[in-house]
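*Asks:* Top to bottom, those sequences are chains A and B. The opening position of the first sequence corresponds to residue 4 in the working numbering, with each subsequent residue numbered one higher. The opening position of the second sequence corresponds to residue 84 in the working numbering, with each subsequent residue numbered one higher.
No false leads were slipped in.
Derived DSS-like pairs (lysine-lysine); straight-line CA-CA distance at most 30 Å:
{"hint": "1", "chain 1": "B", "residue 1": "LYS243", "chain 2": "B", "residue 2": "LYS139"}
{"hint": "2", "chain 1": "A", "residue 1": "LYS15", "chain 2": "B", "residue 2": "LYS479"}
{"hint": "3", "chain 1": "A", "residue 1": "LYS15", "chain 2": "B", "residue 2": "LYS475"}
{"hint": "4", "chain 1": "B", "residue 1": "LYS130", "chain 2": "B", "residue 2": "LYS243"}
Quick list of simulated restraints, FRET-style, between CB atoms:
{"hint": "5", "chain 1": "A", "residue 1": "ARG86", "chain 2": "B", "residue 2": "ALA483", "range": "20 to 30 Å"}
{"hint": "6", "chain 1": "B", "residue 1": "ARG482", "chain 2": "A", "residue 2": "GLU20", "range": "12 to 22 Å"}
{"hint": "7", "chain 1": "A", "residue 1": "ASP17", "chain 2": "B", "residue 2": "ARG104", "range": "39 to 49 Å"}
{"hint": "8", "chain 1": "A", "residue 1": "VAL100", "chain 2": "B", "residue 2": "GLU385", "range": "37 to 47 Å"}
{"hint": "9", "chain 1": "A", "residue 1": "ARG94", "chain 2": "B", "residue 2": "SER150", "range": "20 to 30 Å"}
{"hint": "10", "chain 1": "A", "residue 1": "VAL100", "chain 2": "B", "residue 2": "ASP430", "range": "40 to 50 Å"}
{"hint": "11", "chain 1": "B", "residue 1": "GLN413", "chain 2": "A", "residue 2": "GLU20", "range": "20 to 30 Å"}
{"hint": "12", "chain 1": "A", "residue 1": "GLU20", "chain 2": "B", "residue 2": "SER274", "range": "29 to 39 Å"}
{"hint": "13", "chain 1": "B", "residue 1": "ARG151", "chain 2": "A", "residue 2": "ARG94", "range": "30 to 40 Å"}
{"hint": "14", "chain 1": "A", "residue 1": "HIS29", "chain 2": "B", "residue 2": "GLY359", "range": "44 to 54 Å"}
{"hint": "15", "chain 1": "A", "residue 1": "HIS29", "chain 2": "B", "residue 2": "GLY110", "range": "49 to 59 Å"}
{"hint": "16", "chain 1": "A", "residue 1": "ASP41", "chain 2": "B", "residue 2": "ASP471", "range": "19 to 29 Å"}
{"hint": "17", "chain 1": "A", "residue 1": "ASP41", "chain 2": "B", "residue 2": "ASP421", "range": "21 to 31 Å"}
By construction, these hints were calculated from the structure, which means they are not laboratory data. Ideal Cβ positions, reconstructed from N, Cα and C, are used throughout, including at glycine.
Residues per chain, in single letters:
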Amino acid sequence: MSDLMTWVSACKLDDIEQEGALRFDHSGRTYAIYRGPDDSVYCTAGLCTHEAIHLADGLVIDFEVECPKHSGAFDYRTGEALRLPACENLRTYPAEVIDGEVRVALG
Amino acid sequence: MGGIVIIGAGECGTRAAFALREAGYSGPVTLVGSEPHVPYERPPLSKPVDGAVQLKAICSAQALEASRVDYLQGVSASRLNAQERTVTLGDGRTLPYEKLLLATGARTRPLTCPGAQYALSFRTYADAAAIFSRAGDGRRVAIIGGGLIGMELAAVLRNKGVAVSIIEAAPAPLGRAVPARFAARLHARHSGEGVQFHLGQGVAEITDCAVHLADGTVVPAELVVAAIGVQPDVALAEQAGLSIGNGVLVDDLLCTSAADIFAAGDCAAVRQPGGGHLRFESWRNARNQAETAARNMAGGSEAFLAVPWFWSDQYELGLQVAGLPAPTHQTVLRGRDDGEVEFYLEDGQLVAAAGLGIGNAVAKDIKLAEMLIAAGVRVDAAALADPDFNLKTLLKNARAA
Numbered sequence: 004m005s006d007l008m009t010w011v012s013a014c015k016l017d018d019i020e021q022e023g024a025l026r027f028d029h030s031g032r033t034y035a036i037y038r039g040p041d042d043s044v045y046c047t048a049g050l051c052t053h054e055a056i057h058l059a060d061g062l063v064i065d066f067e068v069e070c071p072k073h074s075g076a077f078d079y080r081t082g083e084a085l086r087l088p089a090c091e092n093l094r095t096y097p098a099e100v101i102d103g104e105v106r107v108a109l110g
Numbered sequence: 084m085g086g087i088v089i090i091g092a093g094e095c096g097t098r099a100a101f102a103l104r105e106a107g108y109s110g111p112v113t114l115v116g117s118e119p120h121v122p123y124e125r126p127p128l129s130k131p132v133d134g135a136v137q138l139k140a141i142c143s144a145q146a147l148e149a150s151r152v153d154y155l156q157g158v159s160a161s162r163l164n165a166q167e168r169t170v171t172l173g174d175g176r177t178l179p180y181e182k183l184l185l186a187t188g189a190r191t192r193p194l195t196c197p198g199a200q201y202a203l204s205f206r207t208y209a210d211a212a213a214i215f216s217r218a219g220d221g222r223r224v225a226i227i228g229g230g231l232i233g234m235e236l237a238a239v240l241r242n243k244g245v246a247v248s249i250i251e252a253a254p255a256p257l258g259r260a261v262p263a264r265f266a267a268r269l270h271a272r273h274s275g276e277g278v279q280f281h282l283g284q285g286v287a288e289i290t291d292c293a294v295h296l297a298d299g300t301v302v303p304a305e306l307v308v309a310a311i312g313v314q315p316d317v318a319l320a321e322q323a324g325l326s327i328g329n330g331v332l333v334d335d336l337l338c339t340s341a342a343d344i345f346a347a348g349d350c351a352a353v354r355q356p357g358g359g360h361l362r363f364e365s366w367r368n369a370r371n372q373a374e375t376a377a378r379n380m381a382g383g384s385e386a387f388l389a390v391p392w393f394w395s396d397q398y399e400l401g402l403q404v405a406g407l408p409a410p411t412h413q414t415v416l417r418g419r420d421d422g423e424v425e426f427y428l429e430d431g432q433l434v435a436a437a438g439l440g441i442g443n444a445v446a447k448d449i450k451l452a453e454m455l456i457a458a459g460v461r462v463d464a465a466a467l468a469d470p471d472f473n474l475k476t477l478l479k480n481a482r483a484a
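Isolated chain A (complex conformation) (with noise of 0.2 Å):
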């Protein structure tokens, strides 16, 4: 996985809400950005698997977040779907964070 990955700077720590989620675009992509209610980050694809909705519209709640329109659910974590109508995973990119500033992965 390292090789074909390019860390990305996405935005500062305080920009997300604890218990929180941002919407990231970059390349023509679109991403999720988490902050956990422990500070941990995580990122994944953007857009729920259900319908192309922005899942960093939705409610966070611990480490799950819920799809504004249709209340699928995903583990941000691992990107695991929880509720349906969504039943297919999201896909899941490292994050980190670094004097404040967050990183991800994406590739």
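Guided by the hints, dock chain B onto chain A, whose structure is given.
*Replies:* Chain B only, in chain A's frame:
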């Protein structure tokens, strides 16, 4: 045979078929659908992609097969015999059942004026295909009915550059389901897009090139769409002698007046704790009731309690409503940069919320409101009104208490 028979293969009936398996039911499941397609989602019908109407399947034929759901496609049910526990299909077959789910949905309310045959309805894939294949080439469209469906269709057509008029019998559009503040904002948004409104107007006659209003106004239109609401499809239940009101009457377990016959979705009117019955017409409700009915048919005894919720997209604006807002409620407004949310309180308790914003901007607040409503939390109006106050705190406090 025997087992469970589901009449209607829309969002509700199809969801129920899978939910029966999820609930552990292992007997035969037969899903009867009158349309000649795999079960499909209705919301995308109003959102054509590159001019073509999408048929977005709820599930594949393989998924139905894998869950051992016998899907009878393009077949309608013509007669239900609750005593003998059989249902007769349009092709002459008679299916015995142990339990039956009526998920017959609703039909568009027909116009009764002269020339009604010129108006297209908007409910099914075939309806959508007919409308979008004709809308264009300079044809002007008149939509009769300024409810959610009519207004959503108007927005889609304006985005395609089609000239649109909306004719509504009430003095304002969206009066039935949308709180006044947001109905007014959406009305203004449509006016700004050039939609011509004819309000407080009845239709006298429709011709092949115009709609003639009761006051003599002539609205030129080469394409007319009737969007004056739907009526629950109760024909089968009524003929079988089941209790009927504004829909097939069901108790809180979603069971009808006949033993082992359940009803859910657009066709079902559910008994309310305070008396009376309520029927809900929404995508979410169809799925929620399907799941409750399926679990109860599989042996459960779960009351249907979900907070009603729907959305509507018009232009760049997204509306969401949770609960049943009423003019008698205390209203608390919460402003945001990209939208507004109104909360509705009764005796200090949150009972409903509605919001309108760019895209899904209000979704988070409405979802939290829905959870607060379901939890029966007493809320502080000042906190709700403060956009910097995170509503999640209220929920966490309530859960900790």
